[in-house]
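Hey, can you work out the whole structure from these sequences and the hints?
Take a look at the letters that make up each chain.
There are 2 protein chains.
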Amino acid sequence: MNRRKFNFGLLGTAGALMLRNPLAIPISRDSVPPVRVNGARLSDHLRALAEFGKNPQGGVSRLAYSEADRRGREYVFGLMQQAKLEVSIDAAGNIIGRRAGSGDNRLKPLLFGSHVDSVPEGGNYDGDVGSLGAIEVAQTLAENHLTTRHPLEVVIFQNEEGGLIGSRAMNGELTEKELDLVSRSGKTIREGIRVLGGDPAKLSSVKRDKGSIAAYLELHIEQGGILEAEKLDIGVVEGIVGINWWDVTIEGFANHAGTTPMNNRQDALLAGAKFIEAVNRIVTSIPGRQVGTVGRISALPGAPNVIPGKVVLSLELRDLDAAKIQMLYQKIRTETDQIAKLSKTTFDFKEINVNIPAPTDPRIRSLIDQSAKELGLSTKQMPSGAGHDAQDMARLAPVGMIFIPSVGGISHSPKEFSKRQDIENGANVLLQALLKVDRADLN
Amino acid sequence: MNRRKFNFGLLGTAGALMLRNPLAIPISRDSVPPVRVNGARLSDHLRALAEFGKNPQGGVSRLAYSEADRRGREYVFGLMQQAKLEVSIDAAGNIIGRRAGSGDNRLKPLLFGSHVDSVPEGGNYDGDVGSLGAIEVAQTLAENHLTTRHPLEVVIFQNEEGGLIGSRAMNGELTEKELDLVSRSGKTIREGIRVLGGDPAKLSSVKRDKGSIAAYLELHIEQGGILEAEKLDIGVVEGIVGINWWDVTIEGFANHAGTTPMNNRQDALLAGAKFIEAVNRIVTSIPGRQVGTVGRISALPGAPNVIPGKVVLSLELRDLDAAKIQMLYQKIRTETDQIAKLSKTTFDFKEINVNIPAPTDPRIRSLIDQSAKELGLSTKQMPSGAGHDAQDMARLAPVGMIFIPSVGGISHSPKEFSKRQDIENGANVLLQALLKVDRADLN
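Quick mapping for you: the protein sequence lines, in order, are chains V and F. Whatever position you read off the first sequence (first residue = 1), add 668 for the working numbering. Whatever position you read off the second sequence (first residue = 1), add 668 for the working numbering.
For the record, the hints were derived by calculation from the structure and aren't laboratory data. Backbone N, C-alpha and C fix where the C-beta goes; we use that ideal spot for every residue, glycine too. Just to be clear, a hint being listed does not mean it is correct.
Stated by the list, open to error - Subject to a maximum C-alpha distance of 30 Å in a straight line, what follows is the list of computed DSS-like cross-link-like pairs (lysine-lysine):
#1 K1009(V) with K899(F)
#2 K752(V) with K899(V)
#3 K1012(F) with K899(V)
#4 K899(F) with K999(V)
#5 K1018(V) with K845(V)
#6 K1009(F) with K1083(V)
#7 K1048(V) with K1012(F)
#8 K870(F) with K1012(V)
Said to hold, decoys possible - Computed spacing ranges between beta-carbons, pair by pair:
#9 Y743(F) with F1017(V): 48 to 54 Å
#10 D1005(V) with K1087(F): 51 to 57 Å
#11 K1041(F) with P929(V): 20 to 26 Å
#12 K1083(V) with G1076(F): 47 to 53 Å
#13 L849(V) with Q1006(F): 52 to 58 Å
#14 K1041(F) with F1017(V): 49 to 55 Å
#15 P724(V) with P955(F): 56 to 62 Å
#16 E846(F) with K1009(V): 42 to 48 Å
#17 K870(V) with P724(F): 47 to 53 Å
Okay, here's the thing in C-alpha cells:
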C-alpha cells in the first residue's frame, strides 16, 4: 500500500542526511525538520492504555471519573513525564504537559491533545489516538532535541464524552449548575473533578482568554466511513458541525385498539412514523453532508392493544452551516403541520440543545493538507459530524483537526478500529503540521 | 329523544293490562311477558359499585384480586342474594347465582353475566353494566314471580381484564402454568383465586362440557364510538373478533448520528416508521371493519445522537374473519420484505398470541334484534373489537352479546361513560332476549 508509505523522496538528500543528526537541523520558517514519530511505540502505548477499563467482550468502558479513568490518566501522566513534559493537573482536572519554546517570551502557547475517557462499551481509538499521538509528538521532539518557537502544551481534556467538560472549563462555558449534574460514572461533575485531582472551587483559574492561545490541533479517528470507503489517508477537518436537538411531543388520543375504527383514530405513533419518514426524506432531498436523526422514541401508554395517545421523540440535525440547519428545520415544521392536520394530532417542538458550528482555521487546514501531502498521504476536506474538544477551543483560538480512517466507520463500540499505519500517519501529520503552525504567524 | 323511549304501543292493550298484574301473564312459547327492569335501581347499584376502588381523579382501579375487587364482589354477592339467587363462588373464584327453572329437569342452564374487575385507571361501565344489568334482570324476574323454563345462572367472571381468567377456567383453557403468572394486582392468579374464595386445586370442578349450557348472554358497553356516532340504541354483536399479536424485531446497525452519512445508515427506526405507515395503509386499503395497530415500540440504544440499531414493536390485527387477518398479515409481510431490502435491515416476526374469532349464534342475534325492536329501540349488527368472556363461552354454547353506546367511544379510562337511559335499555333488551331464548329451542 504505497499510498500509506512516507515519501522521503520529497525531502531530498538534505533531509535524508539531516535525519542522521537531528541536532544539526537548521530550523527555518520555510521548512520543518523531517522528523518522524515512533509508530511502534505509539502502538504499544495504545495497547497499554486499552488495559484500563478493558471489557471481557472487547473494547473499553473508561467512563470519566471512574476508577478506570483515574488509573488510565495516571498511566498517561507518566507517559507525558517520559516525554519530558512538565506535567500538571489544572483545577478542572485536565492534564497539561508543558514544553518551553525557544522564541520570544510573548509568543502564545500552541496547544494540542485530545481525551482518554470513553463512552460505556466504547472502543480504544476515539480520543486515545489523539491523546497518545500528541504525547508521541512531544516525545519525538524531545528525542530529536527540537524546540519550537512557541511554548507547547499537550492537553488531555477530562470527560469529553460526557459533554466536553474539560474544554468547556477552559473556554469558560462550564457553569456552576452543571457541576452538580450526575455523570455516567454516578458521580457529579464536581465530585469527578476532585477524583481527577482538580479543584472545582478554582475553576476560574482554568479559563483561557480569547486570543491567548496560538492555535489548537487535534488528531482524531474519523468515526465515519468516508475515508475508508474512498481509500484516503487523512481527513482535513473543515469544522465541527453544528448540532441542534429538539424533543418533539406528539399528542393524539389513547383508545382501545379493538373498538376504535381506523378512521376514528388519533394515533400519535402513526403521526410519529410519518414524521420520522419526513425527516429522512427532507434531509436527503438536497445535496450536501447534512444529517438528520430520530434516535429516541417513546409511545404511551405502550400496550399492544391500545392506540398510542402520546409520543415523545428526539430530532437532531447537524451541518457545518447553521443556516442550512434552520432551513431544514423549517421544511420539517411545514410538513409536520400537514401530518398533524391529517392525523388529528398536535406536535410540540422543544429545543433542548444547540451547538453552533465551529469552523477550523483555513490557514491551519492548508498546513495540515501540505504536511500530509509531503508525507505522501492523500487527503480530503471534510466536516466532523461528531463533537470534539476542538469546537470549544475554536472559541479561543484558530484550530485544526486531523482525521484518520475508521474501519467500517464504526465508533463508540468495541468494534471501533483504526489501522496501525493510519495511526502512525496521523501522528506524523500532527507533528509536521504542528511544526508548520509553529513557524507560521497566525495571530 | 324518542328513539330511546320504549314503545309500549307495540304491546297492545293486552300488554298494558298485563303490566298491572304480572302474575297473571300467560307464558307461551311465542310471546314473552312485557316486564321491565328498574332503571333507577340499576343506576343506584352502578353508583354504589363505583365506590370500590374509586380514584380521586375519577373512574376506578379495581384490579382483579385487589382489596377493592374483593370488597366490590362482596357488594355484588349481596345484590345477587337480594335478587333471590342461590349464590356461591366456584373453585375459580367466579360468583354464580342460580335460579331454578320450571321446565324439564334435563333442560340445560341459561347463563348470563359479565365481570366487575377493571383495568388500572379504568371506568365504571366496562363489565359493571353487564354484571349489574344481569342481576337487575334476575331481580325483575323475582319481583314479577316469573320462572323461566331453563334454570338460570348469573355469572360474575373473575379477572376478565387480566386475560379472561374466570371464563377460561370454565371452558377448561386455563393452564396450571398460568396460575403462577403474576397479575397486575401483584398476586399470582393462584393466590388471587384464593383471595376471591376459590380453590385453585379444584379448578377441574369449574369446567363445563361443550353442549352443557343452553346459551350465554352478555350485556356490555360498546367501547367504540359507532353506536353513538350513528345515533343507534343497541348493537347486536355478530361476534368477538379474532386478535393476532406479533412482536416484530427490526435489526439495523447502531452508529454515530453525526459521522454516519445518510446514505450509509441501517436505521432500524426509519424502517420501523415505514412499517407502521405500511400497516395503516394496508389495513385501510380494503373495505371492512378490520383494525391494525402498532401500540408498543422501543428503539435501542435510544439516544438522540445514535442511529437506532434495533427496534421492537407490536403488531396487532383484529377481524371477525380469521382468513382476512391472515390475508392482511401476508400483505404486510410482503411489504416488509421491501422495506427491509431498501433500509438494509432485517425483520423478525414472533407470534405472541392468537385469539380466534368467536361468532355469536345467528338465532340469538335475531332474538336480540327482535327484543330491541319490540322495545322501540334501533339496532345495528356489529363486531366486538374487544375481547369478552363471551368468546370463551362461545366454545361451549351458543352466545349472544348486546352492546349499548359508549359516549365518545372512550373506554378503559375514567372518561368512560354510558347514559342512564342506554343502560336501562340494554338491561331491558337482555331481559327480553333472555326470555325469548328461554322459550326457543336452540339445542
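**Message:** Hints numbered earlier in the text: which of these fail when held up against the supplied structure?
**Reply:** 2, 4, 8, 10 and 13
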